[in-house]
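Asks: Protein chains in written order, with the numbering used here: chain A, 1 to 237; chain B, 1 to 250.
If you're looking for bench data, these hints aren't it; they were derived computationally from the structure. All figures in this text were calculated on a predicted structure; none of them were measured in a lab. Just so it is clear, CB atoms sit at the ideal spot from N, CA and C, and this is done for glycine as well. Where hints are given, some of them may not hold.
If the Cβ cut is set under 7 Å, some of the chain A residues that face chain B in the computed set are [said to hold, decoys possible]:
hint : residue
1    : R60
2    : A64
3    : L76
4    : L77
5    : G91
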Amino acid sequence: MPFLTEQLGNWRFYLTGSHPAGPVGGLAANVLVAVICLSLGLVAGGILGLGRLSRWSCLRWPCAVWVEVIRAIPALLLVFWCSLFLPSMFGKNLPLFWGAILGLSVHAAAYQAEIVRAGILAVPLGQIDAALASGLTRSQAARLVVLPQAFRMMLPAFASFAISLFKDTSIVYVIGVVDLVQTGVIVSQRQPNRMMAAYICMAVGFFAVCRSMASVARTLEKRLGNAAALTVSSGRA
Amino acid sequence: MNGLHYNFDWSIAFRRPYSDWLLTGIKITLLLMVATSILSLCLGTLLAVMRQTRIRLLRWPAGACVEIVRNIPGLFWLLFFYFVFPGMLPLSWGERLNACVYYPVVASIIALTVNNSAYVSDIVRAGLLAVPAGQREAAMSTGLSRYQQYLYVLLPQAVRIMLPPLGTRMIHNFKNTSLCMAISAPELTWATQQIESLTFRGLEVTALATGFYCAVALALGSFVKLFEKRWQARIGNEAPWTNRLYAIPD
């Protein structure tokens, strides 16, 4: 027991970094980055995804090229660009933390755009025809008929992307943000006798969050999946 | 210069020794990609088959390993195999590993393989489960052994279902090789960062590296798409269930 308390003496550091004294770090930083990037990515990704489905090719093409190119670039390089190179190119000074968030948001937006697009394309054409035939305008059909159904189909993909993005937040370690990985590395360097404990804490931290996200997603999916199945079957009847 | 606060000097990428670093970086990146793809395909298939067997002693540990690896970021595995793993070996082995110049690359290969295998195993498992049970029953009733059932009946059909998600996974794995710079494996991203810290001309080489990653990933992506289209066309009605593509989360 004394061994454990000695080894895990700095549990607070893993969870929130040097928070009250300094910036938020540790696992809290990962969660914070993931939440901000997911929300920013959802907004930008929604716009990009809808843009790719637009009737106007002058909107469709740039969106498609942007999404495909960004998806082909490693998230780490996007983070480098947004936190180091683009600010220096324009002579601006961006705090590393926000640079990392910007980079991961760009990454998230491209992936979420694809999810949005796939979700909308998965809505049967008959639904759109029916909506238009019943006298709804195009925007009403999109808002009232297509998007609610598409949203349900996107949900599982969103959930798995959220988990994947949460794991990807660990790359902010590389540019020096004190996230969970960085706290573990710092501890293992300053107190080599705690190395094993530090790595176990890292692993447990990520595992716990990812697993709970996955189980929440599964519950949600089950509940909404049933609802979706119901609407589809009642729609057919 | 028109609003930009940076004077580009592209010659940096073609000057020695930086050009050599970049070329070595590209080679190491490609080596990492090919080696980890092949190794993780083997390990992932093995894990998937282990998770399907009736023997609980195999099924349970395989499932646990996949679950653990999937829920922890790849960067952790890189750091783990580089910093912690040598210390877990007998002393002389660990020292030999730590002294080895190639250990960063070896650790990268191990870590990326471990990380990627978990996802590959999920894809393979989903592929095997998507083959209708009747196929296995038919194979069994024609007198094939379990091994033969897998080799001649189940895996060939599963491969068609698995191919698109596997392609996506391998592209993902290729992009993940950039993380190996964290343990100073001399791959492309590491080379750009090294040039940045020595010459402060990281922007130009990072732009080139970004172009390289982008080109390779897009080429692989279109290759996968082409292959998929061809295969789908060829099998046509022969096996309708193979058109059912399963969304495999990354």
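Asks: Would you check whether L77(A) satisfies its interface hint, that is, whether its CB is within less than 7 Å of any CB in chain B?
Replies: Where the cut-off is 7 Å and the nearest Cβ of chain B is about 5 Å from L77(A), the hint holds.
Asks: Does A64(A) meet its interface restraint, that is, does its C-beta lie within less than 7 Å of any C-beta in chain B?
Replies: Nearest chain B Cβ about 12 Å off; hint violated.
Asks: Holds or violated: is the Cβ of R60(A) closer than 7 Å to a Cβ in chain B?
Replies: For R60(A), the interface hint is violated, since the closest Cβ of chain B sits about 18 Å away, which is over 7 Å.
Asks: Going by Cβ atoms only, is L76(A) closer than 7 Å to chain B?
Replies: 5 Å, holds
Asks: Does the closest beta carbon of chain B sit nearer than 7 Å to the beta carbon of G91(A)?
Replies: 3 Å, holds
Hint violations for this structure: numbers 1, 2, all remaining hints satisfied.
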